[in-house]
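Residue numbers (the numbering used here), protein chains in the order written: chain B, 864 to 1167; chain A, 4 to 201.
Source of the hints: derived by calculation from the structure; they are not laboratory data. Here the structure is a predicted model, which means the values were calculated and not measured. Warning: the hint list may mix true and false statements.
[To be verified] If you want the ones that stay clear, here's a sample from chain B, every Cβ over 12 Å from chain A, calculated:
hint	residue
1	880
2	949
3	971
4	983
5	989
6	990
7	992
8	1039
9	1071
[Stated by the list, open to error] Covered by chain A, per the in silico footprint, the following chain B stretches (three or more residues, Cβ under 8 Å):
hint	segment
10	921-932
11	937-945
12	1011-1022
13	1044-1058
14	1078-1092
Ideal Cβ placement from N, Cα and C applies to all residues, glycine included.
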Amino acid sequence: MLETTPFQNAALALLGPRGFTTDPELLSPWLTDWRGRYSGAALALASPATTDEVAALVRLCVEHGVPIVPQGGNSGMSGGATPDASGTALLLSLRRMNAVRHFDGDARQITVEAGMVLQTLHDLAAQHDLRFPLTLGGKGSATVGGLISTNAGGTQVLRHGTMRAQVLGLQAVMADGGVFDTLTPLKKDNRGPDLKQLLIGSEGTLGIVTAATLRLLPAIGGRLVIWQACPLSLRRGNCCSMRNVRQGKGWKGSRSCPPTRWPPCWLTSRKHARRWQTDTNGTRWSSWSPLRGKRASWIRWPKS
Amino acid sequence: MADAINGGLVEDATIAQNEGQADVFWLLRNSISGANRAIGPAMQHDVSVPVADMADFVIEATPLVEGRFPGTKAIAYGHLGDGNIHFHVLAPTGAVRGEWEWDEGKRVSAYVHDLVTQWGGSISAEHGIGQMKRDELGRLGDPVALAMLRAVKQALDPQWLLNPGNLSPRLHRGPQPRKARSFKRISPAGVGGVPRNP
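The following block holds chain B by itself, in its conformation from the complex (with noise of 0.2 Å):
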């Protein structure tokens, strides 16, 4: 066995061996990102149960001066969860504290510990006949925690908005040791700026969050899913469906793909895609008008 420090001494006795290891197989999934990208080194895992136990743990580290890398479900695309290769940072898994505190059915609420992989979420939200609005590729393995600190996206922002607008009320360590809290949420609060909003994409370099409340919407009723081909005029918005989500129609959809250029696996229905104008050389050129009053621009595509 390796020599221990003081700080890991004190690290586990305050969190136990459930809490708290070194042993370099447990660490070593944690420490590559999931695209395979980044690779650090950490001096210890903690997996701490509660949030008094992650305040105890900022301050054992702030007065070890050891750095914290919080980490959700390690599917993040940037690399905010990877330690870096010095070995000197303690890697802060949530993925143990995935409790639901609080469920208001009425209010379409829910508090949950920032451990909770947003999959259960949906489901929770699923057996009430609500559902949690956001949702992305990483929904098996991606935490609460993760999805605020770093405000995601996913597949349903044009009409519900990025994770902040999913997030009442939050709760977390703040860097000396102190818990920000305000995970029962106030519809009118003007009590200077809204504090929570910084911590919210922050990456876990202001706070390290902890749980939060957040809103539920309705289950949807039934949905129509359509595959369609917009002309050129969707390059200014016009599109219908666009038009109709503006306009707060009930439409969902927030994927397309520009007509440009068609990805491999929608080369079929790339002919509806283009309008072609054909010179006296017999190249094809798109017709496409100047781009906000600059210079004409008349785009050559390629041959096909």
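Given chain B, put chain A in place with the hints provided.
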């Protein structure tokens, strides 16, 4: 729908007849990222521009990027209607995965981010900054906004212990002493980008 087609807003469309077909439509959409990855190495750019400029940006930026980095292929897709474009640039054929990304890929990203910034957009629409775009934010971010970011960080985390090395390039190093500005400093390229006489 019929009104939309008659009105010329939609040229062609297929409506899912059941939940299975609806799921397949979404599967197609959600497979774009994987399909790109299967082709070869690629730089992914999660960027945003003003909604009204989305298509114009894609139309303009695609040939610019492909022209500057021969052999690359730009594929833009994303969230039409909210300004978010996933602007992927595929590596030239034969590029080595794991090497190209850190070499030419870096220059491709810097160029794409330059373009986005010129268009008044954001170099991170929904994926955040993390360590990946930390230096790019420092390079292209508004100095006033970056100063505010640093001031908030300094106030809330004076020891810079929380998630060091993320979000802003100089956040993790603490406030930097200001370099005295030399009046003689002229960039090698000359003043205002105009090359000096050799």
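Handout entry: Hints breached by this structure
Key = 2, 8, 9 and 13
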